[in-house]
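K.L.:
Let the sequences and hints guide you as you build the complete structure.
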Amino acid sequence: MSSSTTNTTTISTAGPPSRRNTELAMLVFAVIIPVFAYANAGLALSDEMPSGMLSYGLGLGLLAAVGHLVVRKFAPYADPLLLPIATLLNGLGLVLIWRLDQSRRLAQRAKDAGMAFSPSAPNQLIYSALGVALFVGVLILLKDHRILQRYTYISMVVALILLILPMFFPARFGARIWITLGSFSIQPGEFAKIIIAVFFSGYLMVKRDALALASRRFMGLYLPRGRDLGPILVVWGMSILILVFETDLGTSLLFFGLFVVMLYVATERTSWIVFGLLMSAAGAVGVATFEPHVQSRVDAWLQPFEVAKNGGSDQIAQALMAFGSGGVFGTGLGQGNSDLIGFAANSDFILATVGEELGLAGTMGLLLLYGLIVERGVRTALAARDPFGKLLAIGLSAAFAIQVFVVAGGVMGLIPLTGMTMPFIAQGGSSVIANWALVAILIKVSDTARRPAPAPAPTTDAEMTQVVRP
Amino acid sequence: MNKPLRRIAIFCGLLVLALLVRDNWIQYVQADELKNHEGNHRVLIARYSQPRGNIIVDGQPITGSAETGGIDFKYKRTYKDGPMWAPVTGYASQAYDANQIEKIEDEILTGNDDRLFFNRTIDMITGKKQKGGDVITTLNRKAQEAAFEGLGDKKGAVAALDPRTGKILALASTPSYDPSKIAGATSKDKEAWLGLQPKKSKDDPMLNRALRQTYPPGSTFKVVTAAAALENGKYTDIDGPTDSPDPWKLPLSTQPLPNEGNIPCKNASLRQALRYSCNTVFGKLGDDLRQDKVREEAEKFGFNETIDTPVRAYASVYPEDMDRPGNAMSAIGQFDNRATPLQMAMVAAAVANDGKLMKPYMVDSLRAPNLNTIEQTDPEQMSQPLSSENAQKLQSMMETVVKEGTGTSAQIPDVTVGGKTGTAQHGVANSKNPYAWFISYAKGDDGSPVAVAVVIEGSNTLRGDIAGGKLAAPIAKNVMKAVLETERDK
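Order-wise, the sequence lines are chains P and E. So that you can map any letter, position 311 of the first sequence is 311 in this note's numbering, and since no number is skipped, the others follow by simple counting. So that you can map any letter, position 219 of the second sequence is 219 in this note's numbering, and since no number is skipped, the others follow by simple counting.
Because the hints were derived from the structure by calculation, they are not lab data. Everything numeric in this text was worked out from a predicted model, so none of it was measured. Hints should not be assumed to be uniformly reliable.
Derived DSS-like pairs: lysine-lysine, alpha-carbon spacing no greater than 30 Å straight-line [as the list claims (entries may be wrong)]:
1. K190/E to K111/P
2. K202/E to K309/P
3. K207/P to K481/E
4. K443/E to K490/E
5. K181/E to K142/E
6. K155/E to K481/E
7. K309/P to K199/E
8. K181/E to K111/P
9. K3/E to K143/P
10. K309/P to K181/E
11. K309/P to K103/E
12. K190/E to K309/P
13. K80/E to K131/E
14. K309/P to K74/E
15. K74/E to K111/P
16. K35/E to K309/P
17. K155/E to K80/E
18. K181/E to K80/E
19. K300/E to K356/E
20. K142/E to K3/E
21. K200/E to K309/P
22. K188/E to K309/P
23. K35/E to K103/E
24. K188/E to K111/P
25. K111/P to K35/E
26. K129/E to K155/E
Computed Cβ-Cβ distance ranges for the label pairs, DEER-style [as the list claims (entries may be wrong)]:
27. Q376/E to M53/P: 49 to 59 Å
28. N123/P to L17/E: 29 to 39 Å
29. N2/E to V157/P: 28 to 38 Å
30. T373/E to A110/P: 46 to 56 Å
31. L17/E to Q303/P: 19 to 29 Å
32. I273/P to K129/E: 51 to 61 Å
33. N2/E to L241/P: 32 to 42 Å
34. Q376/E to K111/P: 49 to 59 Å
35. M53/P to N36/E: 28 to 38 Å
Which stretches of chain P does chain E cover? Using the computed rule of at least three CB atoms under 8 Å from a CB of chain E, they are [as the list claims (entries may be wrong)]:
36. 34-46
37. 101-110
38. 261-268
39. 322-331
40. 368-375
All C-beta atoms in this analysis are idealised placements derived from N, C-alpha and C, irrespective of residue type, glycine included.
P.N.:
Dropping the structure here:
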């Protein structure tokens, strides 16, 4: 092979090494670390090894093994870090939820409220298994991510239905984001974020040139034509509507941010970002002025301790105190009092448990793990060879990044709390399943991106036109 | 499309960076503030996660800890003879924080004190639970019992000191409360707490009357006025006649200052004036000295200053800008000057200790869980209100009061006792029951081991019978007897 075929471009016949064994080695750590964490929490809570130790270790190991084998077979060139990080996060999440299940305080709280206290960890383990099943399903059934392009408009319809449906179901904890069927409930927003990324990718791939070029210059900004601007206004309006009717600030922020990011990437026009910021600011201010639920959250963000003192929600104040009490090294798993936060301790606020029990060191480690997933996603987007794949990968990564930022920022009092879940860690079936699907799609895109190009057919013409260097 | 992709990558990086910075801010920069925030329940959880150290009197703990089996708090504070010791211990409550010694020495009692760092480290290495240290008090159980029982169902307070060192021997306040009843965080504790609040209970049982209630000192203040007269050389011979007309009109007024009953006060000697408690003599003395001199003397005894024992005693007051009649009235303890029982015990103690006033204290030492002493309070002289010579003159006067004056009910056989009674008028135009005071000291061969002040705010006794000599002196006598007995047994 001549030097012109070294890996300076994304397209080459040699391709990068598949790194499947790296993935396997990382997966071993991703299973061992949560198992040790589980033992640690059990010893701290009751001075004995937790009884489910073996089955938990085996279960997590089995999920990882299945994931790995399927990736090896169906996405051999996939990014080697995505699966191990997802496994590690999911495993740690299970430990944290199990640890909160042991809380006598939460049990007492449930009893006082007249409800039966049921542990969440077993359910979460089942959901994790379902998530990995979906992961496997996506890898096996989705032969090529470009197939998704065909479903652009179907995706739009499905996403709209998923977003609108919760309006017809009763609100829980002040937000209308659940579809409840008997004892079973799902949060469609989690799935909608993937489907909407598919729609945006398909739509923008087709319309990007029109949006980028057919526009008038006005005061240094490129104003698009009305018919191209239409969908943006529709999405903006939709996210505001979600906010108003479902009182779900997080989801609307997520969708709007996702759309601005993807528009910007597709058109390479900075003006979209300016528009996006202006519109979201206008929307946010407008809604915050009229919507009491949003107002109370802004208040709780600005003055968490005042609000708690005056009988309002003390969750933010409690979370901040949990973080502060953890300090640099934390109290150790099972030795904190993050359950003081109350009913959302194992869902929205699970990061506070990380903060208190694993400390600054552990929380930063966790945030960096999330950062790493996003980084691998963006890298996949950079490496992808087709615009649809690029858009899909950046869309999913950005959605993931925004979600982590919105939740962690809310819990840590950086921005107003919006009530989303920490991907993989927080208790909640929809979230775990949807995020495994998200990782599966990223893995599929990265497999295509890193797969060596099929060698060009050795024609005599080709031979003759080849540049030969000394 | 790679250029915008890289920018989005930077944007995502900034999001993560913002989270990391925020995390460092709350978990490193603000960590201590959040950790010790008043709303942080963990402080209480930690405080009650192990048995607290004890407060000790005469080698025996007057506090304890009981396992509760609760979720948040593993242990609860218990008190032995709670109502009797409440003015000393204060309370430590899971729901309502703590006060007095329980609060001031909290770090030692919980074992969090920096001086226990070595202990904690050893315990951590050997896997033992953290233990609290003990607070050893200066109190005398028998004296406290005598004081508390003497007060009985009357409203009042007793403070007793060892004049030689300033050690507080008894500190009783009635009506009292049982800190055990508010130690927990249950609804029962809440009910008890609400019942103790001044709104609900007008007797205010949680008020530490010995340290934190000031009363008009009544005639007991005449001891201070007498000291001022001696110190300023107004009179040097306590048996010589004074220049005191009777009746004597208050300066700048036509109103005569009456004496209580028909007593020989005209030109009476200081000794006789104190013996009979002559208002005219001491009122005129105060006016002759002028208020700066009287106030200076009062301040030497500790007036106008808070005293940390370490529980803070409120400042007793001798005000600055009274008019002349006001000053004359204050000189007999009847106007704007006010004193805590501790303050008046200090007056008696300074006289008994030949003029040297020792700083009162009630924490003798702090002890680590391994029984090492980590802090020892040394007696400290606070001031010298009067010379030794004048102190002995005043002692002689006060002993006359007990021998053949208004304080005969404080006599103890074979013991020299000095004292002064007081009956302070109270209420608008003297409409309420007066306060009965008695201050005294007992003396043995090697100085005086005890000085005591008793005040009784009111009782079921008929109004005419309220007088320091009748109500308060017997209590003081029993307290002194209790101390003398323990001194003898030593």
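K.L.:
Which hints, by number, does the structure contradict?
P.N.:
Violated hints: 3, 20, 26, 36; rest satisfied.
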